[in-house]
Structures are given as structure tokens and as C-alpha cells.
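Novice: Residue numbers (the numbering used here), protein chains in the order written: chain A, 162 to 764; chain B, 6 to 295; chain C, 11 to 555.
Hints listed in this document are in silico derivations from the structure and should not be mistaken for laboratory results. Keep in mind that a hint or two might mislead.
[Stated by the list, open to error] Below, a list of computed lysine-lysine pairs in the DSS-like style, where the Cα atoms sit at most 30 Å apart:
#1 A:LYS506 to C:LYS197
#2 C:LYS49 to C:LYS25
#3 C:LYS197 to A:LYS505
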Amino acid sequence: MLFALLFIIASIIGLIKREQVKIVGLLSALASLALVVEALSGIDATYSILGLEFAFMTDTISRYFCILVGISGLAVSLYTAEYMEPRHLNLAAYSVFILSMALIVLSRDFLEFIIFWELMTIASYVLIVTYYDNTETKKASIIYLVAMHAFNTAPLLLAIGAIYSQFGTLDYSTLQGVYVPTWVIWAFLLGFISKAGIFPVHFWLPEAHPVAPSNVSALLSGTMLKMAIYGMIRVVELFPGSEAIARTMVVLAILTIAIGAIMALVQKDIKRLMAYSSVDNMGYLFLALGAYIMLDRVLKKIAFLALLLHAFNHLVFKNLLFMLSGNVLHATGRKDLELRGLGKKMPFTAVMSVVGILSVSAVPPLNGFISKWLIYQATFLSKDPLLVGGGVISLFASALTLAAYIKIYRIFTGEPNVEAHEAAPLMLAGEAILAFLCVVAGIFPGIIARIINVDVGNPWLISIGGATFNALLFAGTLCSFIIAAAIALPTKKNLDAPWTTGEPVDEFEQKPEHMFTPIAKFGKKLSFIGERIEERFSSFERWYSSKDLGYLDEIMFMPVIKLIEGTSYVIKELSKNLNALLAVTFLVLFTIVLTMAVLAGVI
Amino acid sequence: MELLGAIVAPFLPPLLDGVARKVKALIQNRMGPSIFQTWYDIITLLSMEPTLPTGSLAFRLAPYIALASALCMAFMLPYGSNSIINFGGDLIAFIYVFTLFSAALVFGALSVENSYSHAGANRELTLSLVFKPLFTITIGIFALKTGSLSITQIAHSISPSLSIVGAYLLLLYVAYVEAGFIPYDIAEAETEILEGPLSEYSGRLLGLLKWALQIKRFAMIWLFASFVTLPIAEGVFAFVLQMMVFLLAYLLMVTYESLNARYRLDQAMNQGMKGIVIGAVLTIIAWLGW
Amino acid sequence: MIREFEEKFGPTLEKKVIAKNKVLYTLMVRREDFINMTKYILNRPNTRLFTMVGMDERNTEESFSVTYWFLDWKAQEVIGIRLYVPEEEPSFPSVGAIHKGAIWFEREVQDLLGLEAEGLPDPRRLILPDDWPEGVYPLREDFQYYHSPMGTRNYPYREPKNNSTVHPMGPYHVALDEPAHFRLFVKGEEIVDVDYRGFYSHRGIEKLARGRLNYNQVIFIAERVCGICGFAHSIAYAQAVEEAAKIEIPDRARYIRTILLEIERLHSHLLWIGVAAHLTGFDTGFMRSWLIREKVMELAERLTGNRKTYGLALVGGVRRDLLDYRKSLILETINKLRGEVNELVDMLLATKSFIKRCEGIGVLSKEKAREWDTAGPLARASGIDYDTRRDLPYAAYDELSFNVPVYKEGDVLARALVRIDEVKESISLLEQAVDAIPGGPVMAEFNEIPSWREGISAVEAPRGENTHYVMTGEINRIYRWRVKAPTYNNLQAVSDMLRGYTIGDAPLIVASIDPCYSCTERVQVVDIESGKAKVISFGGMGTCP
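So that you can see chain A by itself, here it is in the shape it has in the complex:
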């Protein structure tokens, strides 16, 4: 558990010396590397703290997710070393964040799970409010905190509490294969989909991710959302009877895919666009998970491989894209789509953006294609109309994603309209690692499959269920065509200006918000609908509180409502003073932990 030690040291340094970004970043990078190495060889350790037994062990799935967290942590920490602006506690929280995610994956019972889960939420909250003097951030952070606790932690606590009360233990190995009441699985589902940002509880994601600093957005979007998937996989593996939720999961996933992709198309802000795109990709993951539950035999294996592979791919390219947007923000101070001509001063960022954009649009031979291809195999061959519909919507969303990201490509073309400079080498190094992985995972996907012990035949190909995709051959063919054509018919550089049909024109381009007008109109309608729903809810709340309701109601509901109202008032007051807010939050956490400890009969 060397990595844990390194993370704790980094966090302590961050706590004491709040300015040492480089040291904390590099230490975290080292720690993540240690995590990857240790996970590959297997971890099995038990510690006793405060009389509680903490056991950490890797099995196939947790080893895989450890490696994911490690890779992500490595790349982002290198980036953070140059990028992050240290403010209040965020430096300490950074290492704690990654550490908590690793520990979630390694934990062996639900108690550890929920403790580190809450720790992860708190750490991410601290990181999100880095720029707390910004009004947007305040609003986003409140939404995040409340949504996380109301829809995420609360159902999880309920479910775990129920399991404990029924079986008296929270250990995974003991609970394997035990029958739990269906509502417990529903509660788990609700908890995890709200963490992952699935419709209808996705609304916090596009608010929280853009306001965080870019390295944090990368971690949030890339890695934290995968924890939800991990949790769901764990639940599905442990408890039979998950068929009940499979259909609903697939339906919600399909809706998420469609909504995420369409909303991404109409955004004007780079990070919001990428946040909606994350929503869309989480939809793919849950679609694959639902397919995994619903199908059997070969297709089940395909769905499983698709799920895990897409988790890896999304992690890699989403981290890459968010870090690149951080480059742009750092260099120009802006993150809207009106930028132009950055390709001249930021060539590396431009090239890696193209790699990222092609990966997220699942264009072969990059990595996004492989996982999408597997998802299509699983859904189209399933003979189940819901899944086939899911496959069709996925393809539609894939095309929409390409269209949305083309808008981001445009900030690199044309004549520059702002001052810019290339990012620092450490930042580029972190991104380069991920870009390299994008290409490698696209050409040699078998390597990833080996890690999860899925049999794909020859590791140079992917051969599963009678379907073989020889990515190497494919990429080789494509490249050889290009090289042959380029050698046979080369082009000399013979520069001139674009043709404006004879009269001089200054603003000779199409603005990004005017692209794809027919589809964009539909997307605007959707966001309009979302606003209307929000309005209805708030008007409902106003109506409700203005009524003088009956006696029964007063006894049963009013206290609870008053309590919630009071809490939100308190939080609003506190949010004006950040430190007090943080203090209160930690207090709450401590209370929760204390409660759990009492429940566990320790104290």
C-alpha cells in the first residue's frame, strides 16, 4: 500500500504548505504510478484503525479499476503540477480525492465503501469550490452538494442500512449471492445513477464540471463517474435479482444518450459541451451494463468487455479533452467557442485535440471505435427491440458528438483573435501520455482485454464471439493507403489567400451557433423544456408552501419540510462564508461516521 502512504504524505504537505503545487502534483503522480504497479501484482492488506478492520484486496474488477484510477491520476497529476492554482484546502483535497477513489475500489465491505465514497464526495466538493468567489460556482456547488447527498448518499445509506439490518454484516465475500429485497437494488440504482449523471438526475453535472478548474473537471468527468459504474457492477455481481432493474436502466440510459448528445450540440461553452458529452458517454456505459444483465452467453461476454473497455476509453479521452480545454483557458482566459486561430500558437494542443475529438466520435482506428463497436455487437445481435433501439440511438448520438466536437475544432482554425501561448511541458506531458494511450488502445485493444481476463484469442486482435476485429491490420491498411497516396501524389506548399469571389470581406466565416440549425433548434427546445420543468417545480413548491393544508398533513409533512427549508437556509447563509461552510460540512461528515460507528456497535 505504498501508494496510500505517498498520497497521505502529499496531502499533509498540501495541508501544511498550501503553496507547494509542484511537489504535491509530482508526489501524486508518483503515487498513482505506484498504484498501477501494485495493482498489477495484486494488493492484499488489512489495517486496524480505531478498532475497525480495514481490508483492501484486488480481484479482477477492482484491479482493473485501480489501474484506471492510477493512469488517470498519473496523467492529471503531471498536469496539475503546472496548472492548479492553490487556494484554501484544495491542494490537500486533491491527493485525498484520488486516494479515496483508489480506496473505494479496493475496499472489501460496504462500510469502507461508504466511508471512502463520502470522503470522495467531500474532497471533490472542496475542489469544485476552488473559485468560490464566482457566483456561478456558488450556485453549482450548492446544487452539487445537495444533489449528491439527497440522491446519492441517502439511497446508498438506506440500502446499506437495510442490508446490515437484514444480514448483520457488510462484507462482500459473505454477501456473495445473497438474496436481498428488490427495493434495495432500486435504491442502489438510484444512488449510482445520480452519481453517474443519468437522466433524470443529470442536472448537476453540467453545472458542476465547468466551474471546477480543468484538472479537477478531468478527474470528475473521467474518473469519479467511473466509480458509480464500479459500484453498480459490484452490486450486480453480488446480488442476484438485478434483472428487475435492467430494463429501466436501459431505458434511462437511452434517454441519457439522446439528451446528452443533443444538448452538447447547442452549447457555447467548451467545458459545458464536454460535460454534456460525459453525460452521453455514461449513458453508453449504463446501456452496456443493462445489456450485460439482460443477455447471456457470448453476447454477455461482449457486453462485459464493451462496458469495461468503454470505461477505460472514456476515461482516457475525456481526461485528455478536459486537460486540453484547461490549456486553452490557461493561455487565453476564455473558454467559449468564439475563439479562433489558436492552432498557430498552440500546435501540440491542436494535434492532441484532433486525436481527442476523433476518439470521442469513435472514428477508427482510435480507441473509442473499439468499445462502441462492441456495444453495437451486443445490442444489435441481441434480438431485443429495446436494445436494438439503444444501438440505433447510440449511432445517432455518435454522429451528434462528432458534430458538436467539430465546433471545438474550429477554435484552432483561422486567424487568431486572442493572444495565446503553448502550455508548459509538464502539462503537455500529462496530455501526451493519454493521447498515446488513445492511439495504442485503438490499435492493440487486446492488451486491455487481457487485464480483465476476457478471452479474446490472440492479444493482437479482438476476437470474440465469432467476430474478429483486426485493428492492427485495419490501421495498417489505412495508413499505407495514405502514405502511398502521399508519396505518389505529393503537394508542395503554395500559399495564397481564401477566395472571396472578388470583393474584400472581413467576417468570412460561419459562426458556431449557426451551425446545424435544424438539430440545434430541437436541442434548444429541449433545454427550454428543462427550464420549464424547473419552473414548474419551483412554482409547485411556492404553491405548496402557501397553502394552508389539512391537519394530518401538518403533523406528518410540515416538520420535515420545515427542516429541509431550515437546512437550506442555513446552507445559504453559510455559503457566504466559505470556511464556515467547509467546517459545517466536515462536521456533518464526522457525524455520519460517528453514527455508522455506533451502528456498527463499535462505540
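Dock chains B and C against the given chain A, drawing on the hints supplied.
Specialist: Showing chains B and C alone in chain A's frame:
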């Protein structure tokens, strides 16, 4: 047999385009150019140095990538019974290589500051947003019925039924649209937006792009011809039959093209939406077993 | 109209009668009345601004003059109001401020004569090239036609507003036959505003005609004002001179003129149908209609010796006679044409994709059409029932019967239908004319053409009314010749027609007014190369196909 495809795919399409021009001329009561004219044009273009409106690498690289992806598309199709690049699930890869083609064209068009190119790129992407799902639904019907996503496998195991017939018709429609014949050649409209994404290309790069567009057209219609022929034939005979069905379909499409004006973008999208609704109905029919 | 006008404003005006229904009033005192008079005339129904002439009369009257001619087409009367503008104070109240159709006329007068219109909404340069220096006015008497002054290049285009971007349909565009610059302000594909910059083929014909050519030489220049409707221009000029000199042309000449005018209308409309089909991508329609047009061109060649520029008009009649055996040739061709045109029309109207491209596009409402004083098929498709052949009859039209097609929708399809109906009417007119053509001489006998007489005449060219104004001068030369082509008014309406439609529709909408830029841009520019490296010659010939 497949190696014949390696010769047919790159070199036949411009010849076919020449034949198409001759047919159109006959419909219009005139002589028209010789059938090798498109080849002469492409060779002339390939021998000229291009003038570049921007130093961007994406602009220069796009035609090469477009040509490579068009050739890949063509190589994934069966000539005779087998195809050159063959693997299970390659129908999805086919769609995505097509996406790579569109993406290359669009990236190239957007890297130059010219509102004609931008308008063309916009139209190209908007059209693919509507017609790719239609293509996918068609594939979904085939997959539902035959249980496979490999082009050669589907082609060998199709058995007639109501939904399959409907799927064939939809596939013909999709092949027509994606081949870029006149009601739907909106993205490369000459008279309206000065050929859209192609407007800033010249010389060698333009020649490569035109060649790539011809090969893409060939690949789409050959896909349809394979699905029609392969269930009933094998080997060399299959190849000959494919060629004949292909030529028939091509000539019918050219004739239909000469009798039509070009659609506006929103009109084409309406047609696409109607197609999607029909496709959804056909999918339900397929699931019910017919 | 004339009577009511006189009753209201008579005392302040000096009257001069040009012809039976045409009266010229000169305003002697009280320029403030001028705007009231204009408003009075324009507010009546069925009136339009016929043309506007600026003249340099400093030799005879010691000031410049600006004459506005108005037409009431139901009463078939023409009124002109002349305002004298002194050299020391070269400005006059602007009619363009109250009536949009006058804007280009006043910009032209500003450019060429230096007379400023007070209150003109758009005072930018219209005609002169960007690098023409300020303060040099070509149409003034003291400017020699062979001068070529130098300046610096700069044109004040409008800026894009509301987050729109510029999409130029520029001098070089596939859809434009001749150079013109439409600056489309677009949001994505939707057009929100239009700025037009034209007059790239401005040639200086009016200045050439002044004092250098005699009456019959001018007629050949007039024919070359336009490539498609040249004959209409030459006839309009000839009629204006005949009116000024009070010459009566023989009947046979009138009928010959009518026959050739209708042949010209046929080939022009068939050309337009082909171009409209081509712009929507329907090449089969394009090829078919031009195949039919080929027959008309061959007929013209057999009749006059030329396919396009007939060269047959003279002041006082026509140059050559139509031999009798040619009559049967005309009838034969017309019969064949009738069948083929019907087939072509059926095919076009049956092609749903073509109809869908034309329907509901480029709508011009009746009020806007009146505001801009549009003419020809454009006006008739928007519900304005005006045809010069019927309302101001000339040549043999008052003895022939024909219908004038009028549609109300005002979109591209309506304009196409108007032109198609006119083709059918032309065929019927040709039959009637060939039947009724009388014998006799083809040229009138007359002596000298007196000087300082004015004549104004209009002809219905395929695109609308061609109005020519002539003031005869001494030594058998013209003093002032003013040409107004229909596209002059129609082009101004294009910006209203383009707003709200997509850039894919823009070429079709521009083509639907059947623009003839050569006709529009005929006036002055330098046409001799200077000794320097800059060549500013735009070719003396019309460049229509």
C-alpha cells in the same frame, strides 16, 4: 477473386461516372462527353499543383484521408463471395469508415476561412445526422433477422420475408442518398455554394477528392448489389451477377437523377425523417417475426 | 390624371405638351411645392415613377435640370415635372425619402452630375468605380469623354449587425451571368440582410451619344446596350426620337417591329426558364428549353441575318423588309414551337422537386413591388397589372389582342408561370401579326429633325418597361439620351426578396428577376486605356449570353 476487387474498386468508378454522363446526355437529346472524360479530368487535375488558401496541415491531409477511407470502404465489400478486409461486425466498421470520410472532408473544409466551405461542411454534417440513423435502422433490421453484423455473413444468410423486402427498399434509398445523386447532392452543390467543401481545393487535392467521392458512391451501391446477389450465388458467378445488378441499379439511379431538381436542406431532412419513421415501423415488423 | 393635376397645381407651372397624352411641367417658383406634387401623383392608384432625367442645361438655361416623369397606366398618361437646379446651389429635395423607387435615380444624378438630393436615405456612390476621385462629374458638359482621372480605392460597405456574418455572392459566382456583388449578411444559412454593389459593366453609352454620334448611329449603340433585349432598346429610342420629331412611321414598319419584338421575347423567356432549371440542379429542363430556343434563334437568323442583335431598327421605320415567303417560315416555326413549349411546361410542372424549390421562395408583396416601382414579370407576378404593350400602346399592339397574365403570389413560381404564359401569348401575337401585316413602305419620309425637342417612350422588353428619353440637339445630334432599363428598378427590390431565405435559394431568387446587368449599368465610365498599367475597360459590348 477478392483481388479483382482491388483493381475494380479504385479504377472502375470514374469510368462509371463517364457512362452516367453519357446516359444523362442521351436523355437530354445531346451527344455528351466521351465515357473516359471523367478519367481525363481526374488525371489532368492530378497533374496540377494545388494553390493552398491556408497553411493548415488538416487542409492538405484531408483529401488523402478521404481517399484512404473510401478505398477501405470499398475493400470491406465482397467481390465474389469474400471481401479483402473481412471480419465479423464489419458492417459497423463500414459505417464508421464512412464517418471518417465525412469527418476528413469536414475537417478540411473548416480549416479554411471561407463561408462557402463552412456552409458546405455544415450541410454535410446535418445531412449525415439524419441519414446515418436511417442506415443504422436498415442494418438493425438485417441484424435482427440474420443474427450477424458481418457483410458477407448477412449477405449469405438472408431469407425473404416482409421486413427484409422493406429493408432492401430502404437500403436502396439510403444508397441513393449517400451516393450523392442529384436530389441529395446538397453538400457539394455547384450552383448554390460553389461546391461547398470542395470550393477551396484545386489541382492535385481536388483530383483526389473527386476520385474519393466517386469511390464512395461505388461502395454504397456495391453494398446494395451484394446484399441482393450473394444469397443466391457463389464464387465467380456471384461476381458477374453483382456487376450486373450494380450496373442496373447505377443506370436506374442516373436516370432518376436527371429527372429531378436538387432539394433544399430542410426538405431533404424531412424526407430523411419520413424514412426513419418507416424504418422504425419495419423494425417492429421484423421483431414480430415477419 | 393630367386634368386633376392641372386643377390643383396649375398656376405655378409652365406647361409643354410632348405628345397626345404626355405633358411636361416645369416648376418655375416654389420648390417646396415639388414634394407635395410628387406625393399627390404617387398616392393615386396605378401610378409609378416612369424615369428621372438629370441634364446639364447650363448652355441653354444656365442651370442643371432634374425631371421626374410619372406614368398613370390606367389613364395612359405621362406627366413630367422639371426642377431647375442652379450651379451655385446644386441640391434639390429628394423624392427618394418618400418613395423608395427613386433612390437609385438620385444616387446616379449625384454621381454623374453632382446634384445632391436633400434627405436621400442612402447617399453612397452608385455608378462610378471605387477609385474615381471626388468632385469630377462625368456627365457635365465640361467633362471630355476621354478623360481618366485617378483616385484611391475604397467602398463603404455596410457592416454585419446582430451577430451575422458576411457571405459574398461576389462579382465572380457561378449563378451570375455578369459581375455584380451581393453582400449577404447571414446567420448560418439564413439571410438577414443584403447590400448590393453593382455597375461593374458600366460603359458610358450616354456620354458617347452626346454630341458624337448622329441619330442612326445612336440606334446601333442602343441595340448593344443589352445582349438579350437589345432590339427593345433600339425601338424605344427610335420611338422617342420619332415622338420628338413628330414622325409617323408606316404601318408595315410597325408590324415588322412588333414581330421582331415578340421573337425577342420568346427567346429571352426560354433562356430564363433554362437558367432557372439549371440553378436548381435540374439540368434536363435546362437542356430541353435551350433546345427549343435554338429554333427561335434560327428563325431570327433567317429573318434578319443575325441570331441576336437584329440591327433592323431605324429612326422612322425599319431597315429591311420581311419578304413574303418568310411569312410561311414564321408560321411553321411557331406551330412546332407551340407543341414543344407545351411539352416542356408539362415536364417542368410535373417535376415535384423543381416546383418545391420554386414555391414560396423570394416572395415580394404587392405594396413593396409598388414602392420599388418594379416592372415586367416581376411586378405582374406580385399582382400589379401593368404591361406597356397594353397601357401605353406602341408599334402595332393597339391593333392586336392579347392577354396579360397576372398572378398574386409573388414567389419564384409565380414569376415562372407569368413568363410561361407570356411565351404562349407571344406565339399567338406572332400569328396575328403575320396574318394582319399590311403592305406598303417600310421607312417614313421626313426632313430634318428639329432641335431642342423632347420625346419619351417606353417599350415592354422581356424584363419589363424600357424607358428612353431623348432631347434632340443641334447639328443633327442628340443633346441628352436617358436609358432606363427594367432591371434598374427590379434589382433594388432584390434585398427585400432575399431576407429570410437561405443562401441556397439566393441564386435562384436573384435569377428570378431575370437580371440584365448590362442594361442597368449603361452610363459613364472611362473606356480608353490610360498610359499606365491600369486597364479599366469593361468591354463595350453587352455581355449577356
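Novice: Now look at each hint and say whether the structure bears it out.
Specialist: Going down the list of hints, with the structure as the test:
Distance restraint check for A:LYS506 and C:LYS197: the Cα-Cα separation of roughly 29 Å lies within the 30 Å cut-off, and the hinted pair is therefore satisfied. Taken as a hint, the C:LYS49 and C:LYS25 pair is honoured in the structure, with Cα atoms around 19 Å apart against an allowance of 30 Å. Straight-line distance between C-alpha atoms of C:LYS197 and A:LYS505 comes to about 27 Å, which keeps the hinted pair within the 30 Å bound.
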